[in-house]
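Residue numbers (this note's numbering), protein chains in the order written: chain W, 233 to 714; chain C, 14 to 308; chain H, 344 to 656.
Some hints here could point you the wrong way.
Straight line, CA to CA, 25 angstroms or less: simulated PhoX-like cross-link-like pairs of lysine-lysine [what the hints assert, rightly or not]:
| no. | chain 1 | residue 1 | chain 2 | residue 2 |
| --- | --- | --- | --- | --- |
| 1 | W | Lys701 | H | Lys433 |
| 2 | W | Lys619 | W | Lys606 |
| 3 | W | Lys693 | H | Lys433 |
Under 10 angstroms between C-beta atoms, here's a sample of chain W residues computed to sit facing chain C [what the hints assert, rightly or not]:
| no. | residue |
| --- | --- |
| 4 | Thr335 |
| 5 | Val363 |
| 6 | Ala373 |
| 7 | Val374 |
| 8 | Thr377 |
| 9 | Arg378 |
| 10 | Asp383 |
| 11 | Ile558 |
| 12 | Gly560 |
| 13 | Asn581 |
| 14 | Gly584 |
| 15 | Thr586 |
Think of the hints as simulated: they come from the structure by calculation, not from any bench. Glycine included, every Cβ here is placed at the ideal spot set by N, Cα and C.
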Amino acid sequence: MSAHPGGSSTDLLRERRIERRVFLKTLLGATGLAAGSSLLAACGSQQATPAAPAKTESKPAETKPAAPAATTAPAAAAKPAEGKPAASGKPGGRLEMFSWWTTGGEEAGLKAMYAIFEKSHPGVEIVNQAVAGAAGSNAKAVLKTRMQGGDPPDSFQVHMGRELTDGYVAANQVEPLNDLYKSEKYEEAFPKGVLEIVQANGNYWSVPVNIHRANVLWFNKKVLADNQINPPETFDDFFSAAEKLKAKGITPLALGDKEPFASAHLFETVLLGVLGPDAYKGLWTGATKWEDAKVTTALENMKKMLGYINADHAALTWDQANDQLIQGKAAMTIMGDWVNGDYTQKKFNDYGWTLSPGTKGMFDALSDTFALPKNAKNRDNAIDWLKLAGSVEGQDAFNPLKGSIPANINAGKAAGYNDYLKSTMKDWTSHTIVPSVVHGAAAKDGWAQSYTDAINSFVTKQDVASTQKALAAACTDAGVCK
Amino acid sequence: MSARVVASGRRWRAVSVRPGRIAIYVTLVIFALFYLMPVYVLLVTGLKSFTEVTLDRMWALPEGFSLDSFRDAWLGNAQTAIPGIARNFWNTILLTVPATIISAILGSVNGYVLSKWKFRGADVLFPVILFGMFIPYQAVLIPLVQTMQVLGLYGSIPGLVFVHVVYGIPITTLIFRNYYATVPGELVEAARIDGAGILGVYRQIILPLSWPGFVVVVIWQFTSIWNEFLFAIVLTSNPQVQPIMVALNNLAGSYSVQWNIQMAGALMAALPTLLVYILLGRFFLRGLLAGSLKG
Amino acid sequence: MRQEADSAVLPVAATRPRASRRLLTSDQAIAIALVAPSIVAIAVFVYGFIGRTAYISLVRWNDIAPDYTFVGLTNYIRLMDVERFQIDLKNTLVFTVTFIILCLAVGLLLAMLLDQRIRFEAVFRTIFIFPLAISFIVTGVAWRWLETPSSGINLLFDAVGLDFLMNGWFTDPNIGILGVVLAAFWQMSGYVMALYLAGLRGISEDVREAARVDGATEWQSFWHVIFPLLHPITLTAVIILGHISLKIFDLTVSMTGPGPGFATDVPSLFMYQTTFFGSRFSQGAAIAMVLLLLVSILIVPYLIYNARNEVQR
Chain W
233 MSAHPGGSST
243 DLLRERRIER
253 RVFLKTLLGA
263 TGLAAGSSLL
273 AACGSQQATP
283 AAPAKTESKP
293 AETKPAAPAA
303 TTAPAAAAKP
313 AEGKPAASGK
323 PGGRLEMFSW
333 WTTGGEEAGL
343 KAMYAIFEKS
353 HPGVEIVNQA
363 VAGAAGSNAK
373 AVLKTRMQGG
383 DPPDSFQVHM
393 GRELTDGYVA
403 ANQVEPLNDL
413 YKSEKYEEAF
423 PKGVLEIVQA
433 NGNYWSVPVN
443 IHRANVLWFN
453 KKVLADNQIN
463 PPETFDDFFS
473 AAEKLKAKGI
483 TPLALGDKEP
493 FASAHLFETV
503 LLGVLGPDAY
513 KGLWTGATKW
523 EDAKVTTALE
533 NMKKMLGYIN
543 ADHAALTWDQ
553 ANDQLIQGKA
563 AMTIMGDWVN
573 GDYTQKKFND
583 YGWTLSPGTK
593 GMFDALSDTF
603 ALPKNAKNRD
613 NAIDWLKLAG
623 SVEGQDAFNP
633 LKGSIPANIN
643 AGKAAGYNDY
653 LKSTMKDWTS
663 HTIVPSVVHG
673 AAAKDGWAQS
683 YTDAINSFVT
693 KQDVASTQKA
703 LAAACTDAGV
713 CK
Chain C
14 MSARVVASGR
24 RWRAVSVRPG
34 RIAIYVTLVI
44 FALFYLMPVY
54 VLLVTGLKSF
64 TEVTLDRMWA
74 LPEGFSLDSF
84 RDAWLGNAQT
94 AIPGIARNFW
104 NTILLTVPAT
114 IISAILGSVN
124 GYVLSKWKFR
134 GADVLFPVIL
144 FGMFIPYQAV
154 LIPLVQTMQV
164 LGLYGSIPGL
174 VFVHVVYGIP
184 ITTLIFRNYY
194 ATVPGELVEA
204 ARIDGAGILG
214 VYRQIILPLS
224 WPGFVVVVIW
234 QFTSIWNEFL
244 FAIVLTSNPQ
254 VQPIMVALNN
264 LAGSYSVQWN
274 IQMAGALMAA
284 LPTLLVYILL
294 GRFFLRGLLA
304 GSLKG
Chain H
344 MRQEADSAVL
354 PVAATRPRAS
364 RRLLTSDQAI
374 AIALVAPSIV
384 AIAVFVYGFI
394 GRTAYISLVR
404 WNDIAPDYTF
414 VGLTNYIRLM
424 DVERFQIDLK
434 NTLVFTVTFI
444 ILCLAVGLLL
454 AMLLDQRIRF
464 EAVFRTIFIF
474 PLAISFIVTG
484 VAWRWLETPS
494 SGINLLFDAV
504 GLDFLMNGWF
514 TDPNIGILGV
524 VLAAFWQMSG
534 YVMALYLAGL
544 RGISEDVREA
554 ARVDGATEWQ
564 SFWHVIFPLL
574 HPITLTAVII
584 LGHISLKIFD
594 LTVSMTGPGP
604 GFATDVPSLF
614 MYQTTFFGSR
624 FSQGAAIAMV
634 LLLLVSILIV
644 PYLIYNARNE
654 VQR
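This is chain W alone, in the form it adopts within the complex (with noise of 0.2 angstroms):
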């Protein structure tokens, strides 16, 4: 740059014509540098490997692994395909499962499964998608995003019930299953309750794999031995055992609802003992209203419940409130039956359970199923697995490693279940099922978290009108109610 004498002002201002390339040249460079990153994403495609075990709290804490998990690398050709269909076209081909079964038992269970179906589908990999965290919401929200976006995998994990029916299918994202169960006869697989909840507009959506049951009532024998109770089974019972057991400094009621679904959940069971089975599947259809006495009553049975649980409810996960039972610190929970799983894995044994108060033949229930997606890139595949899934052959590999039962009735007499389990699967037959709202049976997404924040207000305020009103608000938003 040579020196220029003067430099007055005129000087300076030296215009030029636009000169087309250099402008182009310099828009295209500089766009280019901005998009160089989403080129380099459009080359890339999104790895799918397998998800490495990550640790999930998600409800069901889990009972050790009987047996050791498989790989999910496609075994050598073992055994020719029986009868079963051979995968879309090209021999072998994908399955995308997604899920949230990261840790524990439930890994170890989805993982038996897979060995199953790689023996009968040799060539086909396995591809697992299992997101951790916040017990299923996290693989929810990503879900959902998913199949928005039009990028389904070929099955999914779901609750059954209005989560799916409400969500998926009215979204028109999922196939109906009818002609696979007619196929596969579930008809006469599955209990009637069952059948109702996984069904809308005449059509089934999924297929249950497992049951787990919401309304039990877990207690320390030891400590209700030592101070005369017997087990509670009504309300006025569940008092009068509490009184006691608070004159001689014991916890009644263990709670751990740092994650607010704690005490939804234990509000679920006392509507339900309070309402009775038809009043409270009422709740969710619109038949039963909200502003009911009826409701009134359980708000304030609640209420009193809330008189008797630990003070440091809100600092603790349910686990950990567990724990304080285990302890003896406290005498009973009210929590679904991955208790069970929890009691196995921390090898605590001198547990008992009943029903929640009033809730006698009466069965929560809420279950893990798996669906079809509408365009699945590997429909045959996703199609075999879900027989596998409803069968008793996959139900037995399953439950037993996840510590719950099979929703097959005629799966179950295999080995790997205990006590608890067992008596369950009896009752499962016989008691009157109900759909769980907290764990997405009775209610889709969007009012199961409303109804969730309006107890999570109950909890600390316990204001029962204000709370009423806000649970038939939140049945008004979700176009149940009028």
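Since chain W is already given, all that's left is putting chains C and H on it; use the hints.
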């Protein structure tokens, strides 16, 4: 106000040891302890062996010296089903380095144009761009997810790079613009007299001077992007692909992961930005103050 | 290029205004081309998306299946009745006020102390500022354990005999949000300190001497002379801290979640959960727009004020 936190002009006062001076030092030390307290807990817990880690002994120094927590947090532990964060650490490097470089270059170009080549509307344009730095990203989240899916960039690190580049434009432009404003106009004029056009001036005058600006922007963007969480959790779903802060949050949110492993993981996740800060703190501060003080 | 330039020299009066009446100069065109991608990006990804979110907040999309039925301001009206949202707004207010006051007070105090010709000033400064280099997620993890009622700081209180100070921290439904404020204050107060220190250092010794001359006490000279000079910094700090506290999200996710009775819930967390867990996209969009409005009230005047000042310079 000068944006430099360098002691300029020592103010000399009587430096006898008055009680006032002691009080000052004591106060400073107390606060220093307060700020260091979490680091102490993180470190001490991470270094304890598993048997020592009980909640009622949180503050006690470790008896032995055990790197087990760090190892488990980093590599994972198949037995207890803890995912390691090593993979996510690497993902974050793949995310942060390109995004930082690209957004720094963009910022430099934008800052140059907006400070030295005032075309019509440039003065309105700048606050309009700047507003993008202050918005709550929740206000763009839903369309962003949809757009990323349409572009095929959802769930990938390159997609995240793109997002961080775009939303980094305001802050990098701000820093460079303020920096280039300190470059005397005469230099630019002189170069133009010599016949350099806009690109020539950039190449010959501005770029050679930009080194401190780049350092500040690179450090700032590296720290921001490394530490970012919202975009990371919304736009990536596969644990293999997720950046480190999401992995850390998953690790820390789990019941079954012992808290000493969570602490160790937190330390390791914080290490890169901490190192950058300790080694290059001067430039870090400049970035901090750049957006705040005028000129 | 040089000979071309020589031949294209124009007379003196060829100043910029006249240029704009013709075709743009080549340089100006290139200038625009250089910033065009960024302008387009911001236009789409900031303003375009804000517009789209606003649109979503005006329709009835509260399920997995998109539903673009226009419902006007219904989502907003319903939102004001949602108890969780009401608590969120209250929490935000409490958070913002306590957070700003705490950071300003301590930041100013530390800056003043450090300004006193301290030995090891650099060390102290490094310690006070380092939390800024850490992610809110890391801060949340550390402070969650520090504030665990059965351990952490309560243990310390107990050990030194201050057990009356032990409390539930963020698990306490009444003061839970203050637990989060403490962690946020720990992280951001160094920033305010740095601002004030820079400001103090920019005040010349003459001014300080002049303030002291009339026999005024240190305090009076500070309050009446020095502090007013720092007003621009205080303003900047309030704006920056304010907008950070309105947007607070990461910290609540990793430290507390919504908390008992939503004691530590904030609008951004509610928006995230209702949108991605509850599939209520329109409600989430409405929350986001309310957040945007609150932030804009803070930021837009500031941006305009800044822009005007620059034009004057």
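The hints, checked one at a time:
1. Taking the CA atoms of lysine 701 of chain W and lysine 433 of chain H, the gap is about 21 angstroms. The hint holds against a cut of 25 angstroms.
2. Our distance criterion of 25 angstroms between C-alpha atoms is met by lysine 619 of chain W and lysine 606 of chain W, whose separation comes to about 17 angstroms.
3. For the proposed pair lysine 693 of chain W and lysine 433 of chain H, the alpha carbon gap of about 16 angstroms is at most 25 angstroms, so the pair holds.
4. With its C-beta approaching chain C no nearer than about 4 angstroms, threonine 335 of chain W sits inside the 10 angstroms limit, and its interface hint holds.
5. Contact between valine 363 of chain W and chain C, as hinted, is supported at the beta carbon level, the nearest pair being about 6 angstroms apart and thus within 10 angstroms.
6. A cut of 10 angstroms between beta carbons decides the hint on alanine 373 of chain W: the least distance to chain C is about 8 angstroms, and the hint holds.
7. Here the hint on valine 374 of chain W is kept, as its CB sits about 4 angstroms from the closest CB of chain C, short of 10 angstroms.
8. With a least beta-carbon distance of about 6 angstroms to chain C, the hint placing threonine 377 of chain W at the interface is held under the 10 angstroms criterion.
9. With a cut of 10 angstroms, the hint placing arginine 378 of chain W at the interface with chain C holds, because the nearest CB-to-CB distance is about 7 angstroms.
10. Hint status for aspartate 383 of chain W: holds, given a least beta-carbon distance of 7 angstroms to chain C, under 10 angstroms.
11. Evaluation of the isoleucine 558 of chain W hint against chain C yields a violated restraint, the C-beta minimum of about 15 angstroms exceeding 10 angstroms.
12. Checking glycine 560 of chain W against chain C: minimum C-beta separation of about 19 angstroms lies over 10 angstroms; hint violated.
13. Against a cut-off of 10 angstroms between C-beta atoms, the interface hint on asparagine 581 of chain W is violated, since the closest Cβ of chain C lies about 21 angstroms away.
14. Because the closest C-beta pair between glycine 584 of chain W and chain C is about 24 angstroms apart, greater than 10 angstroms, the hint is violated.
15. The interface hint given for threonine 586 of chain W is broken, as the beta carbon of that residue sits about 26 angstroms from the closest beta carbon of chain C, more than 10 angstroms.
Hints 11, 12, 13, 14 and 15 from the list above are not met by this structure, while the remaining hints are.
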